[in-house]
Amino acid sequence: MGQPGSAYSLEKPEQSLETHTISVLVDNEPGVLARVIGLFSGRGYNIESLTVSETEHEAHLSRITIVTTGTPMVIEQIKNQLDRLVPIHSVTDLTVCGETIERELALVKVAGVGEKRVEALRLAEAFRATAIDASLEHFVFQITGRQSKIEQFVALMQPLGLVEVCRTGVAAIARGAERM
Amino acid sequence: MSATENGSVKMTGAQIVLQALADQGVDHIFGYPGGAVLPIYDELFQQDRLQHVLVRHEQGAVHAAEGYARSTGKVGVVLVTSGPGATNAVTGLTDALMDSIPVVCITGQVPTHLIGNDAFQECDTVGITRPCTKHNYLVKDVDQLAEVLHEAFYVARSGRPGPVVVDIPKDIQFMTGTYKGVSNSQHKSYVPPRQGDPAAIEAAVSAMANAKRPIFYTGGGVINAGPAASESLRELVRMTGYPITSTLMGLGSYPASDKQWLGMLGMHGTFEANNAMHDCDVMVCIGARFDDRITGRLDAFSPGSTKIHVDVDPSSINKNVHVDIPIVGDCAYVIDQMIAAWKAQNPSVDKEAHARWWEQIETWRKRKCLHYRKKSDVIMPQYAIERLFALTRDRDTYITTEVGQHQMWAAQYFHFDEPNRWMTSGGLGTMGYGIPAAVGVQMAHRDSLVVDIAGEARVLMTMQEISTAVQYDLPIKIFILNNEYMGMVRQWQELLHGGRYSHSYSEALPDFVKLAEAYHAVGIRAEKPGELDDAILEMIKTPKPVIFDCRVDKHANCFPMIPSGEAHNNMLMGDDLTEEDIENAISEEGKVMV
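Top line first, the protein sequences correspond to chains Y and R. Counted from 1, the first sequence has number 160 at position 173 by the working numbering; the numbering is strictly sequential. Counted from 1, the second sequence has number 701 at position 67 by the working numbering; the numbering is strictly sequential.
If you're looking for bench data, these hints aren't it; they were derived computationally from the structure. Since this is a predicted model, take the numbers as computed values, not measurements. Cβ atoms here follow ideal geometry from the backbone N, Cα and C, with glycine treated the same way. A couple of the hints might just be wrong.
[Claimed, not checked] Counterexamples of contact, computed for chain R against chain Y with all Cβ distances above 10 angstroms:
| hint | residue |
| --- | --- |
| 1 | Val760 |
| 2 | Gly761 |
| 3 | Leu772 |
| 4 | His784 |
| 5 | Val789 |
| 6 | Ala837 |
| 7 | Gly860 |
| 8 | Asp947 |
| 9 | Ile951 |
| 10 | Asn952 |
| 11 | Glu1052 |
| 12 | Asp1081 |
| 13 | Lys1162 |
[Unchecked claim] One-sided and incomplete, this derived list gives chain Y residues near chain R with beta-carbon spacing under 7 angstroms:
| hint | residue |
| --- | --- |
| 14 | His7 |
| 15 | Gly31 |
| 16 | Asn67 |
| 17 | Ala161 |
[As the list claims (entries may be wrong)] Here are the computed distance ranges between Cβ atoms for each label pair:
| hint | chain 1 | residue 1 | chain 2 | residue 2 | range |
| --- | --- | --- | --- | --- | --- |
| 18 | R | Asp1145 | Y | Gly29 | 42 to 48 angstroms |
| 19 | R | Pro937 | Y | Glu35 | 33 to 39 angstroms |
| 20 | Y | Ser122 | R | Ile749 | 41 to 47 angstroms |
| 21 | R | Asp661 | Y | Gly29 | 33 to 39 angstroms |
| 22 | Y | Glu35 | R | Phe679 | 42 to 48 angstroms |
| 23 | Y | Arg133 | R | Gln820 | 24 to 30 angstroms |
| 24 | R | Lys822 | Y | Arg115 | 40 to 46 angstroms |
| 25 | R | Lys822 | Y | Gly29 | 51 to 57 angstroms |
| 26 | R | Asn751 | Y | Asp14 | 24 to 30 angstroms |
| 27 | Y | Glu5 | R | His1131 | 49 to 55 angstroms |
| 28 | R | His1131 | Y | Asp14 | 28 to 34 angstroms |
| 29 | R | Asn844 | Y | Gly25 | 40 to 46 angstroms |
| 30 | R | His821 | Y | Glu5 | 52 to 58 angstroms |
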């Protein structure tokens, strides 16, 4: 296993980066998201995607889903560092705990007329995206699915008059009957 | 204050603060008043259970609380006002975080309705202190104040200790709310581990039993785990007969006078400790964190050894160095578990191999890495520490330091046989730590000898706290190794920058003897080796704060040293260095590092 940087070694060792989806159960209190984000920026970790919302109103618990990349040692660090924050109840690495379902929602605005407009609608159908707003010059599509599906759809819309995209970030949950 | 029907007590926010401190067993708090904490200060005025110590700067308040905490094992408590009071405390809080010192810092805040309005003396205290505390709170409901304060003490002292800030708006201090006592129920999310995994402990003890070249490497975690953990460590180390070294933070947990003790390891550690770390086949790390001052060059750090790491904080494990047997748990429990497992296994160790290992260690010891050339006309700084140690060793002594050469000399030449006797800023390396820390230590140990081993440049950063010492009759001794340089900066400029001593000369120094007198303290000066002992004895018997101006050799450097970018077995030794050696000590690559 390669070593991370230190005050004594300059060369950054070549290491394979892994992408992990981490699910964090936290107290829904002011500042808790700032603690999590501050940890990532302060220690130089990556955030690829971050989704947060209250999920258990009675217990005042929120679930934060973070997609991050790093070497195996850094991913371990991220989980351990998260776990020692006081308002954090649990940290689960969904990537290592078996099969997980990951979904993201995107709103995609496309403007155009004629053949391009028809083609956009046709592709939207193929991707099971729904038009939730439209005029004679534009559509707003809603699409849900894995990140790769959304990225593919957005790429296809690019030449057809893509105006802008808004994405929710990844929500993820483990398959099966058990609780996290 | 009034009792309600269900037995809970109604009182103001300020009264809740004092009641919570009393219920947490707090005797002393270190603070500085200001607009946003006046209601709490008003309550302090009307009671005499808690003693408040008025510092001269909020950084000093936190360092004093750290000194108090480190010398007693209790939580240190700080009370400061909003805005500049809180921002001045930030250096101390960061210091406590880096060294895992339990501190609760209560900060005043502008009234709730003014938060976010850029009010007078407002700052985003929880925002600013979030990365430099273990946890922090802004209390916006007086009914939650008591619970938050009790939780703050729990978080500060549990697991890996650290500083906790409780920010209390002024209107909450005036408001009436319900006081709740200390609860014994388990915290909803923060429950640090205690016992280590028995299987991991079995594996660790087997590895230790089969070792041919074993070493214990211990740190501040053992001291944080309480005096009983140090006792257990001694039992474990003596039981195995293995050599032991320690970090700067861990000095005193194992007696320096013992034959199994190799001295401190790391950048300015001993030749024998660092070489033993490099060549060992089983390393037992207990309560230390493989800091960069310890490991030297990571890719050459103790190659080929099986590494066992005991730490209460899982994020310390596998952070810098990959370890083979991680044990997450509190040292106080895990060391006892290891002793029990060792006794149960009753292993037959390889005595021949161990004898060869000790022989090897003896050859390193014979190198006498701490040897230095004494001079007859100038006091060598190492000699000053040696004499200070010799003349105080039979006393009840506590040592604090600033940061730099004098700190390393203190670690090398002053020897500690007990834990909680050595207070130094290890992780953050904060200049100005020593005087306020000494104030905190002396407050807790009124009859002991408390010495701040200092440098003349660093001591000026918090010199005003001598005034605190005078006010409270705290006879602290500030022992300044005065070489007229920021010595460690000068040493690095000599090693790295061709001897271009950019801004490291302490020009326009005050006359420290007169300065002491101006503060109504006592000033003593020693300039020649011959007068040193008498001057130190005079310092010890003076029942008042003393500033001791010990004029030492201006060019002495701190050796041995692992130069930047080098491994443990490539140390610079002090006694036979030529100018050329010094010029070439650090590679072009190594110069970029800190």
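For this session: Report the numbers of all earlier hints that the structure fails to satisfy, in ascending order.
Result: 1, 2, 3, 5, 8, 9, 10, 14, 15, 17, 22, 23, 25, 27, 28, 30
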